[in-house]
Amino acid sequence: MQPTSHAFVENAHRALNDAQLHAALGHMKAGFQDKRAATIARMPEFEDLRDQGRAIKNHTLAHLDAYLERFEAKVTETGGRVHWAPTPAEARDAILKICQAAGARTVTKGKSMIAEEIALNEHLAANGIEPIETDLGEYIIQLRGELPSHIIAPAIHLVKEQVAESFYAHHTELDPKRPLDDARALTDEARAMLRQRFLAADVGITGANFLIAETGSTVIVTNEGNGDLTQNLPRIHIVIASIEKVVPTLEDSATILRLLARSATGQEYSAYTTFSTGPKRPGDLDGPDEFHVVILDNGRSALLGTPAQETLRCIRCGACMNHCPIYASVGGHAYGWVIPGPIGAAINPGLIGLEEAGHLPNASTFCGRCESVCPMRIPLPSIMRHWRERQHERKLSPGTVRAGLGLWAWAARRPRLYRFGTRLAAALLGRLGRRRGRLKRLPLAGGWTDWRDLPAPEGRTFQQHWAARRSGAGR
Amino acid sequence: MSAGRERILGGIRKGLGRGKLEGEALAAVEARLSAPARNLIPRRTALPTAELVDLFEKMATDVAATLRRVAGPDDVPDAVAEFLAGLNLPSEIKAAPDPRLDDIPWSKRPTLAVSHGAAADSDLTAVTAATAAIAETGTLMLASSAAAPTRLNFLPDNHIVVLRAGQVTGTYEDGWDLVRAAGALPRTVNFVTGPSRTGDIEQKIQLGAHGPRRLHIILVEDGGETGSS
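As they're listed, the protein sequences go chains W and P. The opening residue of the first sequence carries number 57 in our numbering; numbering runs sequentially from there. The opening residue of the second sequence carries number 45 in our numbering; numbering runs sequentially from there.
Keep in mind that the hints are not guaranteed to be accurate.
Covered stretches of chain P (chain W as the covering partner; in silico rule of three or more C-beta atoms under 8 Å from a C-beta of chain W) [what the hints assert, rightly or not]:
#, segment
1, 58–68
2, 91–104
3, 112–122
4, 147–156
5, 202–210
6, 233–247
One-sided excerpt, in silico: chain P residues whose CB lies under 8 Å from chain W [what the hints assert, rightly or not]:
#, residue
7, I52
8, G55
9, P86
10, S159
11, S166
12, D167
13, T183
14, G227
15, L229
16, G252
Just so you know, these hints were derived from the structure itself, not from any lab. Where a beta carbon is used, it is the ideal one built from N, C-alpha and C, also for glycine.
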């Protein structure tokens, strides 16, 4: 997809004024945070599992070439085929060729963020092949011509009235007076509408949560069962996955699967976890005749050996965005690319460039909740800081910010001057804000005070407080 | 092989600052792959067999599966018929052509119409066997074969699984041991935990998104060796 991350500031402003968006995002605490906390409380080994998950992925990334080669060998051995795609264009072409060779007219799709990344639907449609999203959330946003706003709940930005509106507009063969006022009715209608599409599709395309090097299996995790109907009913199953999805063994996937659902939706385990190995076997009564795996790089290998390598451990659970105060305020679309939230801020600059995605690592208060819930212990704030530093070095940050930082650095290297300056500022600002306890306007700080008040200092600087506390005189 | 392959593998090696993996490092990778080791196993399933079955029942029913215990295979036809009658569903099933279901005397319920094969769109109720049941999370492990077509697990509205008490095991790793022991990995291995569900509209959980609306487990307390597959 075409990123709009460079317009984050405008996107975020618009989102902050969108009452319907805030109503929709308001469900996140009960829907994600509370459930996650409750499930993890029932798993005393959770912290140890996180350590093991991190170790498995670190080991795999350090030997990534060898595991991918083994994966390919096993896929071939079991009758499937691997297609290597360094760029999105090569991935799109590989998939289109398979579809065209099969004379495909319609393609069903399980939810895949990689398919979003390579803008697969647009490419198929432009070539006369109709892509049909089957995950309920993806189906809804496809009808609306929107992009997913969350990696595991693509339509989380919508309220049910908006979904009903889209169903009335698109399902014109149904009675226009039918009631669609709750999630039950909407789910049933989507189920009925999609059933015929599942049965008629020529090709099914799914993503992958894991690739297993030991066996050449691909793994999908879903709750709806759409991914399974997508891969079982058509003649051809295509899996699209990025290079970092590989893990060594079935046992390694079992460990990370113990982290995935708990971190994502707060379930003990998702409803369906499916391991697919090759096409159907002789004698099988169903399953696909052909099995293809398209492996995408798109800039990931270039992150190896850099601080951003750690983002390649991500298992796309969404916990970081589910717990992020910024995401909860602006939603996923503001981030302007496939992966929103803290992990998007940490990985997108590496995938679409710092020029495009430079705002994202700055859209953080560094509160650290994302890192505290990340099952793979990705140090998200540190990686955002890494991108901020690169931005500063490459002079991509605003001139005023660089000048301000330069001034601060100059003063901070002169302790007496720094102490004098901060004392003066604290006293001055304290006096200015004495009456209200806060400041409504400040010269040179409009970026802050235009949107919120600055709490006024209460007379002493941090260093003075610190010194007093160390000497036991203050409290 | 392809140019794309060499570009990706070359890019990875460049990032990792080394050439093609060799020597001890390659040997370590080979060893890990040829003798897969278990990682940490949660203590939750360190239980005697009978309690493992109870844990499976609790975890499965917690996620909206229903479970009925019966004494032996002879009781299965009644259990199936009563499940369907209780929901006012037609007395018709599509059963997997699976030898693991051969000991069920369907003729005991002459009004129950039983056909065998892969699922068609018109089938409302599927009956299948299982490969194993994972007590840790109330998860059924269903491996595909000529006798166990996968579509039965997803297409019909109702999925009835005939599980033998001896098939209940603790962990996913136990399940993989059974599958590995049986030979080549099947095309599809489904881990099924409760019926199909979605929370995509306002995060309100609805059952029966695209897969089965109902998952009913008939647990046969007598019969079946541990983890037969």
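Checked hints:
1. As drawn, the segment 58–68 of chain P meets chain W at 6 residues by the rule of a beta-carbon pair under 8 Å; at three or more, the given contact holds.
2. Check result for the segment 91–104 of chain P against chain W: violated, 1 residues qualifying (beta carbon to beta carbon below 8 Å, three or more required).
3. Residue count for the segment 112–122 of chain P with a Cβ under 8 Å from a Cβ of chain W: 0. That is fewer than the three needed, and the coverage hint is violated.
4. Counting residues of the segment 147–156 of chain P whose C-beta sits closer than 8 Å to any C-beta of chain W gives 0, which falls short of three, so the coverage hint is violated.
5. Counting residues of the segment 202–210 of chain P whose CB falls under 8 Å from any CB of chain W gives 0; the rule of at least 3 is not met.
6. Coverage of the segment 233–247 of chain P by chain W holds [criterion: at least 3 residues with CB-CB distance below 8 Å; count 15].
7. With 8 Å as the threshold, the beta carbon of P:I52 comes within range of chain W, its nearest partner Cβ sitting at about 5 Å, so the hint holds.
8. Satisfaction of the interface hint for P:G55 is found here, the shortest Cβ-Cβ separation to chain W being roughly 3 Å, below the 8 Å cut-off.
9. Given the 8 Å rule on beta carbons, the hint for P:P86 holds: about 5 Å separates it from the nearest Cβ of chain W.
10. The beta carbon of P:S159 is not positioned within 8 Å of any beta carbon in chain W (closest approach about 13 Å), and the interface hint is therefore violated.
11. The interface hint given for P:S166 is broken, as the beta carbon of that residue sits about 11 Å from the closest beta carbon of chain W, more than 8 Å.
12. For P:D167, the interface hint is violated, the least distance from its beta-carbon to any beta-carbon of chain W being 12 Å, above 8 Å.
13. Using the Cβ-Cβ criterion of 8 Å, the hint placing P:T183 at the interface with chain W is satisfied: the shortest such distance is roughly 6 Å.
14. For P:G227, the interface hint is violated, the least distance from its beta-carbon to any beta-carbon of chain W being 11 Å, above 8 Å.
15. Among the interface hints, the one on P:L229 holds; its C-beta lies about 5 Å from the nearest C-beta in chain W, closer than the 8 Å criterion.
16. A least Cβ separation of about 7 Å between P:G252 and chain W falls short of the 8 Å threshold, and the interface hint therefore holds.
In terms of the numbered hints stated before, the structure departs from hints 2, 3, 4, 5, 10, 11, 12, 14, listed from lowest to highest.
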